[in-house]
Structure formats: C-alpha cells, structure tokens
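Asker: Taken in order, these protein sequences are the chains called Y and P.
Quick note on numbering: the first sequence equals residues 1 to 159 in our numbering.
Quick note on numbering: the second sequence equals residues 1 to 520 in our numbering.
Since the hints were derived computationally from the structure, they do not count as laboratory data.
Note that CB positions come from ideal geometry on N, CA and C, so glycine has one too.
It is possible that part of the hints are untrue.
Some chain Y residues close to chain P (C-beta under 7 Å, calculated; not the full set) [to be verified]:
#, residue
1, Y59
2, W63
3, L82
4, V85
5, T87
So the derived list for chain Y, only partly shown, Cβ under 10 Å to chain P, looks like this [claimed, not checked]:
#, residue
6, S50
7, A51
8, S74
9, F84
10, T97
11, S100
12, G105
13, L122
14, N123
15, K138
Single-letter residue listing:
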Amino acid sequence: MTMPDEGLSPVVRVIAAMLFPFILIFSLYVILHGHLTPGGGFQGGAIGASAVVMLIVAYGARWVESKAGEESVSVLESLGGLMFVVTGLLGFLLAATFLSNFLVGEVLFGEIPTFGSNPGILNTGGTLPLLNIAVGLKVIGGLASVVLIMALGSRRDAA
Amino acid sequence: MDWLLTHAPALLIALPLLGAFLTPLIDRISGKARSAFVLVVLAATQLLMMALAWDVFTQGAHIYTMGAADPTATVPAQAAVPVRIVLQVDGMGAFMGLISVTVSLAAAVYSLAFMHRESGQGRFYTLLLLMVVGMLGMEFTGDLFNLFVFLEVLSIASAALIAFRFYHGDAVEGAIKYIVISSLGALMVLLAVALLYGQYNLLNMGALASVLEYTYLDKVALGLLIAAFAMKCGAVPMHMWTPDAYTVAPASITAMLVAASQASLYALFRICFSLYGFTLDLTTVGIIIIALGLLSMFIGVTMALPQKDIKRLMSYHAISQTGYMLLGVGVGLYLLAHADFDTYGIRAMEGGIFHIINHALYKGLLFLTAGAIFYKVGTRNLDEMGGLAHSMKYTTVFFIIGALAIAGIPPLNGFASKLLIYESAYRVSPILSIVAMLVSILTLASFVKVFHSAFMGPRLEGMGDGREVPRSMLVGMGLLTAGIILFGLFPDWVVSNLVHPAAQALADQAAYIAALGGGV
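The following block holds chain Y by itself, in its conformation from the complex (with noise of 0.2 Å):
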C-alpha cells in the first residue's frame, strides 16, 4: 500500500477519525463546565481546535480545507466574538450595566445553589456559560483557522 501525498498512514487515519468526536465531546465539556471546574472557554476551545490540528496532520491540510474552509471556520470566530458583545450588550439592555448577570433567577443557568457544598449543578453561574461558549467558539474559530493557514502555506510543493 502507498503513502497517501499528504498526512499519514491509514491506520493513523483510522485512529484519528474515532478519535475525533471524543476529543470535541471532551472540548465541550471543558466549555460548559468552565463555571464548575478548572478550565473554560479557552481551554475548551484550545482543546476542540486541537482535534482539528490532528485531522490536519492525519488527513493533510488539503483535504480539511475541502471539508471545511478557512473563511467557513473564521466565521465561527466571528460568532463567537458577537455573542460575548452580544451578551454583554444585553446586560445593560435588561439589567443595570454591561455584562451584568442578568439570568440569575432565571430558567437558563439561573439557579442559585444554597451555601455548602454540592456535587456540582450544571444550571447555575447566569451569563458566565454563556461567556463560556462565547470564548469557545472563538478560540476553536480562531486557532483552527491560523493552523489551517499556516499548515496549507507549509506544504511540501508550496515552495
């Protein structure tokens, strides 16, 4: 069997593809969890655009820009920066000042936990999972696209 032109054997290939949604499963929960537990948006989203780097490197940049464009990605950066202004923005439309917590009460990540310990309720902290997503979305965008970038100017034939 020959080498594909670009990335890696199809067994790195193989691995790589069941690899992939667990390692988005695992970003994700890092975003969402960013109120509770260490991390958050950016170390979520550091994490989800690394599962993007290891496609790069398993199936060559060529073939991730086919699947998903430079300017597709870039406008989840976009996204995600508008929804953090965004809900900045709303905290002053429906509460007192910019960025103010104004879902605390409320349905969505509104509850407010009594004092003491607890295992950890996900539906609380207001606005900051929204924040959360916000800065994940973006750093997923924005980090996925500068590899992409840099991994299809680096090709062997570019130069």
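Place chain P on chain Y using the hints.
Answerer: Relative to chain Y, chain P alone:
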C-alpha cells in the same frame, strides 16, 4: 440621553468591538456594505465620544463598573476593596479618547480609496476597529490588569496591520520587529502588575494608589512599567522599532499607530501621576522622563535629517515630537510637589498634553500625504520624485499645512503647544528650552527638504497619471487639516477647555483615588 451618557464608557469599547466582529460577516455579503458599516460604527463612536467628552469636561469624571447594579458602585456590597472591572473617564482619558477616535475616523475614510486595490479588506477593517478598541480600552480602564489586556489587543491588531501588505518583504520585517518589542513590553507590564498584585492584593489603580508604599519591589515595578511604555511610545533609546514599523505600514495605519503610541504615552503618564504620584521620588523620576524627552527630541530629529525615504523621515520626526510631550509632562512631574507647580509646572504639563493632540493631527496628516504620494508615484524615495505640486494641488496644500504645524510656525497649532513648553521649561533650566528650539529649527529644515524634493521642480515623466488622489483620501486628510487650523486659530479656548482639565486630572491624584473607590 442621560442613559446613553451613563453607559458611554462601556459602549465606546463595546461598539467598535461589535463592529469588528460583524465586519467579516458583512464583508461576505458585499464590500460596499462593509465599508459603509465600518464608517457608520466609527462615526457613531466619534459622536458618542464627543458627547462623553463634553460631559466630562463640564460635569466631571465618569465611573463605570462592569456588571454592577449601579455603575458608580466600584466596591461591591460584600467586599471591602474594589474588586470589579472599572472604567474611569476623567479629563485626561476623554482627551486621549477624542484623539484616538478622530484619527481612526480620518484613517478609515482615507483607507476607502487607499486600500481599494488590496484583497482581504474585511480583515483590514476588522483589525482597524480592534485597534480602536485597544486604544480606548487603555485610555479608559481603571484596572491595572485590563491595561495589560487592552495593550495586547492593541499590539496584536497593530502588528497584523503593519504586515498587511505582506507581499512587500520589508512589511513582514517591520511587523516582526514590532511584535517582538510589543510582546517584550507586554511581558514587562505583566511582571510589574504581578509584583504589585503580590504585595497589595489589588488591581484597581485607585485603590492601589492609596496603599502604595514605594517599597523596593514597587520601584522595580515602576522601572518595568516606565521602560515598557517608553518602549511602546518609541522614546529613544528604545525607538528602533518605530521607523521600521511606521515606514512599512499602510499610510492610514501609520497615522493610527501614532495615536496608538500616544495611548502608551498616556499609560506612562497615568502610571507616574495617578498610580505612584506623590510617593515617587519626583526629582529623580522627573529628571529621567525629561532626559528621555531630550534624547528622543534630539536623536530623533538628527536621524531624520539624512533620510531619503519620506515615511522613514517622518517616523524619526514622530520620535522627536514624542520627546516634546515627555519633556513637557516630565517638567510637570519634576515640579509636582514644588511650590511653583501651580505657576509654571502645570503650564509645562499643558504644553506637553496639548502637544499630544497637535502631534496626532499634524503627524497623522503628514503620514496621509506621504501615503497619497506613494499611491500616485509608487515609491517612497525622495530622490525619485519631484514636481508633484503640478498635479496634486490639494495634497500639496495639506502637506504645507502639516509641515508648518510640525515646525511650530505661528498661526498653526504646533506653535501654541511648543511655546507653552519653551516658556515653562526655561524656568527649570534654559538648556531644555534651547534644545527644544534647536530641534524645532532642524524639523523645519528637514521638511523644507521634503517639500522641495517631492513637490517643487518641473513636472516629471512617470509621476503618476497627473491627477489628484481619489476624493475619500482628500476627505480623510481634510478632516485632520480642519483640526489643525481650528486648534491653531483658537489655542486659548482649547487650552482652557480641553487641555487644562486633562492636565488637572493627571495632577490631582486624590480625586483619582476617590473616584475609583480607593482609600476605603
């Protein structure tokens, strides 16, 4: 209106940030819509900034606490010290904000035609808006760590814009130099913040100022902060990045880089006056700032004289003009605890601060005219151009106004601020004024050279298509020219209504501490 003014400090940062993230999305639909959108965002920012500045200059400083129930409640109910993210806009902050937004608006209008041949304009305007966010953030923040964050936002956006025309090899070189210097500076700031936080457990600048003891570690932190911000504003001997970066950036970005350097200069002054203030060894630190100013002035202008590249020449002049600001404000710092502060110390500060806005206007204008020449002629080398006054009448007039203003010729704004600096620095030591005047003469000499080789002489073959530059570039330059002429005609009004409150805000450390909720 009141609601808008109350939230203006946060809105001024949020609005360009929202614009920056929307720009690439709108760019996918239509380039025209994107340009219009960017202009609308910047115009709205400008209007809001003017409204806020007017309110600050007439009613006093604004405080904005992120996420609090009441914007002025810097100290939360359960806490003893201000732990929240605070924005504070006093006379000085509003003054600097006006400069940044005005120059950015002029630069964006200018870019419409100047950059229309480039690809990736969506990114260009995104980064331009992020630069505005960085500058305004640095000028408004009342939190030492956020100062670092906005410094980074500004540096990264600037570095990417310097390298925007990456197909010119030297653009990448200039950008690499800039990003290395910026990262080094930012790390020094971060270390200084850590040193202060480790000792006092505070990041709020007002609260920190009220407990600062000027220990040995505080002195180390002060040294790091002064070095980092002096490096970022391009003071000699840390100026080596300035000519490279300014020369290769697109002209509109160079004009914004001038304003960005001044945001760092503002941070330097804020650290010295509002954070350390009277705990400083004012004589020593004052003399250090004055020495930095003298060195920058003299070395900047002497390096400018032999340059043949028009933007490189102007970049060295930018260093030299930064020296005037450091000299003026340095004299103020030197005299801060002195009985003469109210007579001529504050005058020197007014001169230095007035010079910041004057410099942003005329050096911004000069870089834009240099860009107009490059747009038509395709070279920056003075030896290869000539006779441009025949075809580019408006650009010639704009250049003359800018050149006379930077040289300090009386009816224009440069004269007013330089005179304030000469008169007050003379009272400290005549040497200071003599050097400042000498530098002014050399500046005039060097711009006469540029004027002669670029604009005078017979009409040359191959100098563009014999037409004026597109209208949007003229509008961008015209905006800044109007500022220069207005400030030159009414220096008295500007000094008493804009500059004096700014100088007062810097000098009055007690008001700064009280406003930010320190000293509890």
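Asker: Next, verify each hint and record whether it holds.
Answerer: Against the structure, the hints come out as follows:
At its closest, the beta carbon of Y/Y59 sits 26 Å from a beta carbon of chain P; the interface hint therefore is violated under the 7 Å criterion. Hint on Y/W63 is violated. Least Cβ distance to chain P is approximately 24 Å, over the 7 Å limit. Nearest Cβ of chain P to the Cβ of Y/L82: about 5 Å, under the 7 Å cut. The hint holds. At a threshold of 7 Å, the smallest CB-CB gap from Y/V85 to chain P is about 5 Å, leaving the interface hint in force.
Among the interface hints, the one on Y/T87 is violated; its C-beta lies about 11 Å from the nearest C-beta in chain P, farther than the 7 Å criterion. Given the 10 Å rule on beta carbons, the hint for Y/S50 is violated: about 21 Å separates it from the nearest Cβ of chain P. For Y/A51, the interface hint is violated, the least distance from its beta-carbon to any beta-carbon of chain P being 23 Å, above 10 Å. The interface hint given for Y/S74 is met, as the beta carbon of that residue sits about 6 Å from the closest beta carbon of chain P, less than 10 Å.
Given the 10 Å rule on beta carbons, the hint for Y/F84 holds: about 8 Å separates it from the nearest Cβ of chain P. At about 5 Å, the closest approach between the beta carbon of Y/T97 and any beta carbon in chain P falls short of 10 Å, and the interface hint on this residue holds. This hint holds: Y/S100 has a C-beta 5 Å from the nearest C-beta of chain P, less than the 10 Å allowed. Evaluation of the Y/G105 hint against chain P yields a violated restraint, the C-beta minimum of about 14 Å exceeding 10 Å.
Look at Y/L122: its Cβ only gets to about 22 Å from chain P, farther than 10 Å, so that hint breaks. Here the hint on Y/N123 is broken, as its CB sits about 20 Å from the closest CB of chain P, past 10 Å. Against a cut-off of 10 Å between C-beta atoms, the interface hint on Y/K138 holds, since the closest Cβ of chain P lies about 9 Å away.
In this structure, the hints that do not hold are numbers 1, 2, 5, 6, 7, 12, 13 and 14, in rising order.
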